[in-house]
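Enquirer: Going down the list, the protein sequences come from chains G and D. Going by full-length UniProt numbering, the letters in the first sequence line up with residues 1 to 228, in that order. Going by full-length UniProt numbering, the letters in the second sequence line up with residues 1 to 155, in that order.
Simulated from the structure, these hints should not be mistaken for lab results. One should not assume that every hint holds.
What the hints assert, rightly or not - In silico SDA-like links for lysine to any residue, alpha-carbon gap of 20 angstroms or less:
(1) Lys112/G with His155/D
(2) Lys112/G with Cys129/G
(3) Lys112/G with Lys146/D
(4) Lys154/D with Gly103/G
(5) Lys53/G with Pro111/D
(6) Lys32/G with Asp91/D
(7) Lys53/G with Leu67/D
(8) Lys146/D with Asp101/G
(9) Lys121/D with Gly77/D
Unchecked claim - Now the in silico label distances, taken between C-beta atoms and shown as ranges:
(10) Leu101/D with Ser29/G: 28 to 36 angstroms
(11) Lys99/D with Arg55/G: 21 to 29 angstroms
(12) Ser46/D with His58/G: 37 to 45 angstroms
(13) Ser46/D with Glu223/G: 37 to 45 angstroms
(14) Glu184/G with Ser130/D: 48 to 56 angstroms
(15) His89/G with His155/D: 31 to 39 angstroms
(16) Gly13/G with Leu101/D: 34 to 42 angstroms
(17) Lys154/D with Glu184/G: 35 to 43 angstroms
(18) Lys29/D with Arg212/G: 39 to 47 angstroms
(19) Glu102/D with Ser217/G: 47 to 55 angstroms
(20) Ser132/D with Ser65/G: 48 to 56 angstroms
(21) Glu184/G with Glu140/D: 50 to 58 angstroms
(22) Glu140/D with His89/G: 48 to 56 angstroms
(23) Glu64/G with Glu105/D: 28 to 36 angstroms
Quantities reported herein were computed from a predicted structural model and do not represent experimental measurements. C-beta: ideal position from N, C-alpha, C; glycine also.
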Amino acid sequence: MRVSRSLEVWKMGTINYLDALRLQEQLVSNRKAHKIPDTLLSLQHPPTYTLGKRRTDHNLLIPESDLKKMGAELHYTQRGGDITFHGPHQAILYPIISLRDIGLGARNYVEKLELTMIELASLYGVKACAGQAGETGVWVGERKIGAIGVRISFGITSHGLAFNIDPDLNYFKHIVPCGIANKEVTSLRKETDLVLPAEEVVHEQLISCFARQFGYSNLLWKENGLIS
Amino acid sequence: MASRLLWASRAASYLRISVFHRGFSSVLKDLKYADSHEWVKVEGNSAIVGITDHAQDHLGDVVYVELPEVGAPVEQGSGFGAVESVKATSDINSPVSGKILEVNEELSSSPGLVNSSPYEKGWIIKVEVSDSGELKNLMEADQYSKFCEEEDAKH
Numbered sequence: 001m002r003v004s005r006s007l008e009v010w011k012m013g014t015i016n017y018l019d020a021l022r023l024q025e026q027l028v029s030n031r032k033a034h035k036i037p038d039t040l041l042s043l044q045h046p047p048t049y050t051l052g053k054r055r056t057d058h059n060l061l062i063p064e065s066d067l068k069k070m071g072a073e074l075h076y077t078q079r080g081g082d083i084t085f086h087g088p089h090q091a092i093l094y095p096i097i098s099l100r101d102i103g104l105g106a107r108n109y110v111e112k113l114e115l116t117m118i119e120l121a122s123l124y125g126v127k128a129c130a131g132q133a134g135e136t137g138v139w140v141g142e143r144k145i146g147a148i149g150v151r152i153s154f155g156i157t158s159h160g161l162a163f164n165i166d167p168d169l170n171y172f173k174h175i176v177p178c179g180i181a182n183k184e185v186t187s188l189r190k191e192t193d194l195v196l197p198a199e200e201v202v203h204e205q206l207i208s209c210f211a212r213q214f215g216y217s218n219l220l221w222k223e224n225g226l227i228s
Numbered sequence: 001m002a003s004r005l006l007w008a009s010r011a012a013s014y015l016r017i018s019v020f021h022r023g024f025s026s027v028l029k030d031l032k033y034a035d036s037h038e039w040v041k042v043e044g045n046s047a048i049v050g051i052t053d054h055a056q057d058h059l060g061d062v063v064y065v066e067l068p069e070v071g072a073p074v075e076q077g078s079g080f081g082a083v084e085s086v087k088a089t090s091d092i093n094s095p096v097s098g099k100i101l102e103v104n105e106e107l108s109s110s111p112g113l114v115n116s117s118p119y120e121k122g123w124i125i126k127v128e129v130s131d132s133g134e135l136k137n138l139m140e141a142d143q144y145s146k147f148c149e150e151e152d153a154k155h
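Input sequences plus hints: build the corresponding full structure.
Expert: Here it is in structure tokens:
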């Protein structure tokens with residue numbers, strides 16, 4: 001039975017990590033109470049390192065004080081996954097959706113997030129694929145182009161995916177990205193032969209890939225919708 | 001095809017055998033089930049809690065289980081811990097209210113027990129039940145099987 005499903009898309013621009021986290025908590029609570037439809041946040045962060053629930057800070061290779069000196073923040077979160085970096089020119093999607101309403105479990109949800117990024121990469125002629133067992137994420141050969149870290153609470157998702165359009169990859173040198181040693185991080189810029197359009201265009205393409213993967217037929221757009 | 005699977009599922013659950021070919025999830029007869037896919041086995045005043053075969057199958061390989069403290073209170077329908085799989089942390093909710101008597105420490109070193117033995121070795125907490133009247137809010141095995149089928153048919 002195919003019901004027309006709506007997705008409210010918020011285009012946030014660059015937003016501080018903690019502000020985004022607080023917003024997500026509010027949205028999860030509202031979604032759980034059926035006050036809002038499935039919602040998708042599209043954004044970037046200023047330079048930020050984050051850790052997941054397992055607090056794998058042994059994968060941070062420099063002292064926290066050094067991060068501050070380079071103008072980056074560090075945050076401990078409740079999401080799954082290991083340590084990662086977020087920064088300018090990396091496209092982030094935080095879907096706040098009800099998995100129970102669409103009968104998806106964690107595994108299928110994450111697979112669709114991987115397919116979302118794989119599809120986006122293919123638009124630029126880049127052949128990406130999902131990771132091997134235990135290496136969730138999106139890879140071009142042995143190089144990681146997209147990362148995933150998700151939290152599911154009462155069947156509602158938060159956190160999500162990060163796709164490297166053209167971030168400064170040097171930031172990744174200060175961590176063991178996602179806890180996987182000896183594997184490089186890459187970006188769309190590095191992998192494609194094509195000229196990239198304005199980043200806004202890539203963000204919108206990522207949103208379209210997401211909507212297609214998850215079967216949303218009706219998109220409601222909201223620009224810079226910060227709740228004050 | 002579907003009815004044969006259903007028969008096999010019922011037979012498996014009646015006989016309480018775990019089947020490896022996964023066209024369906026196993027459901028045990030003498031347990032009760034929450035709609036967030038946790039099971040509870042009541043033994044007098046206490047109860048054992050875990051997540052169902054359907055849940056572990058939909059989660060993927062569990063790499064980490066966040067266990068609560070012994071002695072902490074739990075409330076029916078509220079979270080008491082979490083599991084991590086495929087870079088996703090999923091909250092676990094308690095099907096009963098009461099106080100935690102014991103947690104399965106083995107899950108710290110062997111989180112995969114939740115996948116390989118969700119109803120036995122992969123148990124998560126033991127609870128002293130404060131209100132056995134709340135059990136009526138839970139589903140029986142047949143109801144839960146049907147609930148899972150309906151949920152899976154949604155996409």
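Enquirer: Go through the numbered hints given earlier and state which of them the structure violates, listing their numbers in rising order.
Expert: Those not satisfied are hints 3, 9, 13 and 16.
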